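Engineer: Chain residues, written in single-letter form:
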Amino acid sequence: MRIMDPALRALLLLIALSLPLQLRGADTILTQDVFERVKPAVVQVRIIDRQSGTKSAIGSGFFVSADGYAVTNYHVVNELISQQGSYRAEIVDYRENTTAVTVVHVDVVHDIAVIKADKVPDHFLQFSATDPQQGTRIFSLGNPHDLGMTIVEGTYNGHIKNSLYEKIHFSGSINPGMSGGPGVNTLGQVIGVNVSTAGNQMSFLVPARFARQRLRQATAGTVTAVDLADVVREQLIDNQDRYIAKFFQTTLQSTALGAFQVPGRFSPLLKCWGNTPDHQQELYKVSTKQCSTDDYIYLNARHYTGHISFIHKLITDKSLGPTRFNSAFQDYFHRDFDGLASTERDVTNFQCKDRYVANGTLPLRVMFCVRGYKKYRGLYDSALRIASLGARQTGLLSSMVLTGVSFDNAVRVSRQYLEAIRWKK
Amino acid sequence: MEKVVVIEILDRVGRIKERHRIDRFPVRIGRAYDNDIIMDDRYVSPHHIQLSLNEALDVVATDLDSENGTYHGSDKIHQLVLPQDRILSIGHSMVRFREADYCIEPTRIEAFGTTALLRTLEKPWLFVTTLLVLIGLELSDKYFGSYHNVHDGEFFLFAVYMVIGVAMWAGAWAIVSRITRHQFYMNAHLSSFILAMIVLGLFFSASEWYGYVFLASNQVEWLNYCALVVVLSALLFSHLRYCSLASNRRLSVIAVALAGSLVGVGILMQWAQNNQFSTQPQFKVYFKASSLRLARHLKPEEFFSSLVSMKEVVDKAALQTLPRSDSSDAVDD
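So the sequences go chain by chain: D and Z. Just so we're aligned: 49 in this note's numbering is position 49 of the first sequence, and the numbers increase by one with no gaps anywhere. Just so we're aligned: 263 in this note's numbering is position 263 of the second sequence, and the numbers increase by one with no gaps anywhere.
Note that these hints are calculated values from the structure, not bench results. Any given hint could be a false lead.
[As the list claims (entries may be wrong)] One side only, chain Z facing chain D, incomplete, derived with CB under 10 Å:
| hint | residue |
| --- | --- |
| 1 | Pro83 |
| 2 | Gln84 |
| 3 | Arg86 |
| 4 | Ile87 |
| 5 | Asn149 |
| 6 | His151 |
| 7 | Glu154 |
| 8 | His182 |
| 9 | Ser247 |
| 10 | Gln282 |
| 11 | His297 |
| 12 | Leu307 |
| 13 | Gln320 |
Fair warning: this is a prediction, and the values are worked out from it, not measured in the lab. Beta carbons: idealized from backbone N, C-alpha and C, even for Gly.
Modelling step: build the complete structure from the supplied sequences, incorporating the hints.
Structural biologist: What follows is the structure, encoded as structure tokens:
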């Protein structure tokens, strides 16, 4: 075997050694390059309280047209719409120039806002025509915690599964303040808009097409409503019609719980859990099954909407006896509903109606409660609680909460839910 | 000439302080010890007035040049023929006379049962037995109302606290009785309070059953308020009876008014609380271990079609003016 030419060996070694070095170099150069390319189009969005003249919220945004249109999140600018007159907005670009902006269009469901500045931006971003492949490196830009413009590298992991409101799963760290900033590919084209994080490098982007659609409507002048609050209201009403139809088309698929049939995971959009802690010393046992959608629509910092949740509790007597078992049952009936956080500014108090209802041969106590939205007329939250009656050793308590639905939908869905609760065959 | 009269000395507000039977005239009244009637009023002169008889046997009052004078109404008098029952003011007191055949009002007859009932309340066996019944009822209520493991110690302590509470309440009233009527009447105060608690407890349980059987949760609260007014009135009447000598009629008016206003304040406070904003539905319903439900069981479609009326109520509430928004804290989005 011929010994390799020493000169060639030295050259191969050199190439081998420099290979990772070169690659890393290319990496760094790429990120720097993307940052330099995209930076002139990215801005910080500031919401200023008119009374005190100081900022009440910050976020990020990016220019998407030569005539000053930019995109950010609805939740960054929502105060301008929900509390008109109390706030104004401005943007600060990479050269620290401040310009006033107005909100021209929103997509409350997907958390998008289109804003317009009275200036020609140095640079604006293009939307990517295609979705990247899962595993592609992508970048997110923004101004986390007011620390200055930042670029974050991460991985595109496709659209999240079983979500009511479409989102891109971005494995990278989006932090508060980066909301509304762009998620871009290596070419600096917009893939999505930073929106939220679940921590541990689990972040979410709004797919760019929602931003593009609202931008097109804004520039074409099809946003006819004088008041964007009306636009928000219409979008919420359309959205609930859409998702309620998606959820409750047919009879609800049910599952057995003790002596009862109860609504189960009737849609892949529901996430469900269950448990039956059995403590020796307890005098009764509670089995819990609960399902809810993971997604919320942001209306303001204290009010989220657009989600469905329900919970079944099967309470079984171990050694209480009928009277004390009923005390337990009565107490459980009065426990709080989940997912009803909001404020007096947003919703009314609940009104309730409580009746005995016979679903076939199963006697039930049914309480239906409803409250209205003050800013978005025609939207309601409903809370339904159903208790089985007449079973001595065991009782079923089932509750469902619907938020941000029309009155008719609340009633229709509650009825469908109730009718799915019956004796196990 | 014989004429017998009774001279009454009244204090400044008209309460009788002294009565003197007089069959000899003239009668001299004043602070000095040589008078026929000696008065302790420091504004009365040593020899203030004299009452004598004229030929017609009328009583004549004569001022004896007193320093502060003698008044009939607002008129200062020197001498005056005094008809029976007419009042003269001297110093800070009043004087009147009545003839021995003065017509008094007829004897008041005790309302049937009241006295017998009040006497029974004073018996010691009553409060002992009722206290035992009350403790038994409260403990069973506590036991059947809970659904966790309970310990004997807890029950014992509960009973002790209850006895202390009852004793403090009755004791406070007994002290008032001692001050106003010079007797404690402790047994009566104890029995009254314990009986009231028993009646209320039984009524509240019954109204919960009513709420369950007839699906009338909203009425339960009002039934309880009514019972509270009735029982509290009776209780206050009984306590006041042992603290005052006023007539039954007067005491019952006071008791009912007091109970009514106390419960009224309670209702108002509850109402104010119910009207506060809450993110949770506010309700109180009752479940009983019984299949006896006389309220009709609706069909699902009946129930859900009856909900339409709620929309109006909620929409009306949503129209109410929004509270002024307060600026929220700074947030990074």
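Engineer: So, for every hint listed, does it hold in this structure?
Structural biologist: Outcome of the hint check:
1. Pro83: With Cβ-Cβ at 72 Å, over 10 Å, it is violated.
2. Gln84: Violated - the Cβ of glutamine 84/Z stays beyond 10 Å from chain D, reaching only about 71 Å at its closest.
3. Arg86: violated (69 Å)
4. Ile87: violated (64 Å)
5. Asn149: holds (6 Å)
6. His151: Check failed: Cβ of histidine 151/Z comes no nearer than 12 Å to chain D, outside 10 Å.
7. Glu154: violated (15 Å)
8. His182: Given a least distance of 48 Å, the restraint on histidine 182/Z is violated.
9. Ser247: violated (47 Å)
10. Gln282: holds (7 Å)
11. His297: holds (4 Å)
12. Leu307: Because about 5 Å separates leucine 307/Z from the closest Cβ in chain D, which is inside the 10 Å limit, the hint holds.
13. Gln320: OK, holds: glutamine 320/Z within 10 Å of chain D, min 8 Å.
Of the numbered hints given earlier, the model fails hints 1, 2, 3, 4, 6, 7, 8 and 9; all others are met.
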